[in-house]
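Trainee: Can you make the complete structure from the sequences, with help from the hints?
Residue numbers (my numbering): -11 to 440.
Take the hints with a grain of salt, since some may be wrong.
What the hints assert, rightly or not - Lysine to aspartate or glutamate pairs mimicking DMTMM-like chemistry, simulated, CA-CA at most 20 Å apart: (1) K243 to E279; (2) K243 to D273; (3) K101 to D55; (4) K306 to D185; (5) K435 to D55.
Think of the hints as simulated: they come from the structure by calculation, not from any bench.
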Amino acid sequence: MKIVIAGAGAVGTHLSKLLSTENHDCVLIDDDEERLLSVDANYDIMVVNASPTNIKTLKDAGAGGADLFVGVTRYESRNLLACMLAHQLGTKKTVARIDNYEYLSPQNQQMFKQLGVDSLVYPEVLAAQDIISGLRLSWVRQRLDIHDGALTLLGIKLRQDCTILNRPLKELCGPEDPYLIVAIRRGDDTLIPGGMDELEVGDLAYFMTMPEQIPYIRHLVGKANYEDVHNVIIMGGGKTSIRAALIMPDNMHVKIIESDAARCEFINQYVDRSNAMVIHGDGRDLNLLEEEGIHRTQAFVALTGNAETNILACLAAKKLGVRKTVAMVENLDYVSMAESLDIGTIINKKTVAASHIFQMMLRADVRNLRTLMLADCEVAEFVAAEGARVTRKKVKDLGLPSGITIGGLVRNDHGILVNGNTQIETGDSVLVFCHQHNLEKVEKFFKRLTIW
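Mentor: This is the structure:
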């Protein structure tokens, strides 16, 4: 595929590297030469030092014949304009990064689509949604609700109290059991497990189940003694913090600690003071944390722009007794280190935004795509087209590529766990787990069969 990306910032650079490893024809545009110089020469990416809203630049970059144009510069207006121009030149699909929450309303998204912008991405909103999802279950590292909650994916760190350790999965995940284990992160390795694999202490295991079975899973993994989250401290008052505070559940009270006094005043204009308190101070100050009730706090969320600060702050919060910690880690090189330090939930806006954009590249009907960053896996919700290969045989006979497994499906809004004898039907929404970016290998199983 031909992809043109405008903006060599964190999201644009990460996305271009990801796409280039998938053998796509990728062009990266930016008018800041220093940003382009930081692009690793080991990646097959063509760079253009020019304005992405210049029509000649877009033509020279190949926007007229591009499959996808992505506007992810620092400026919302530039992203929208570049997408509109690319659409007029002939780009098939466009996506723009925005900073205005109002634009995400259904009617406004439809208006932008008529103008030539097919999709809008607000990374801070996506990150905030992930944070709140994780806070709802204090004992879970990552939670994804699939197809409006018909199925749920839970990423859980296993400790000694887990009751299902050191037993073959074929004894644990039978047709009558209300869960499947679809991926395991062990050290630096990710397993798409088979029947003879076993769970071990320290594994990060991903469970697919139905929402009503969450209490049962909690008992299995020995997390019944984890206190639910009621009090949250957020360190850092950026956009993600504000968005998280605005969608915080009513049963949670949040304190935002921000070191800049002017920023504190700005935040107070947006958040509901009945459910959130803004405090001027340094979130690394242990005395301040104790004054603000860190010992009565169930979750500490570090969202400053500095990964090292966030990691160290979470470690300090853990020493003060906070069980649930969340760290924003934008430098991907630090992600594995944060996991090895047992930080807790790790949020990265680049991978969240990239998942949303990557979804648009797939030719099959994909309703949702998320990256399990720690497991190096993608979770995709494919819809089986009429006559697709995936509907012609039972799952065990499909011959799925290595590193790919099907964990569940939704039929008539009802979640169903999948086993080898499951027969997928036309219209089913199917949850597919792909290790090491194999999504494009599996999408052909879900596309409409063409007969010439």
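Trainee: Taking the numbered hints from earlier one at a time, note which ones the structure violates and give those numbers from smallest to largest.
Mentor: 4
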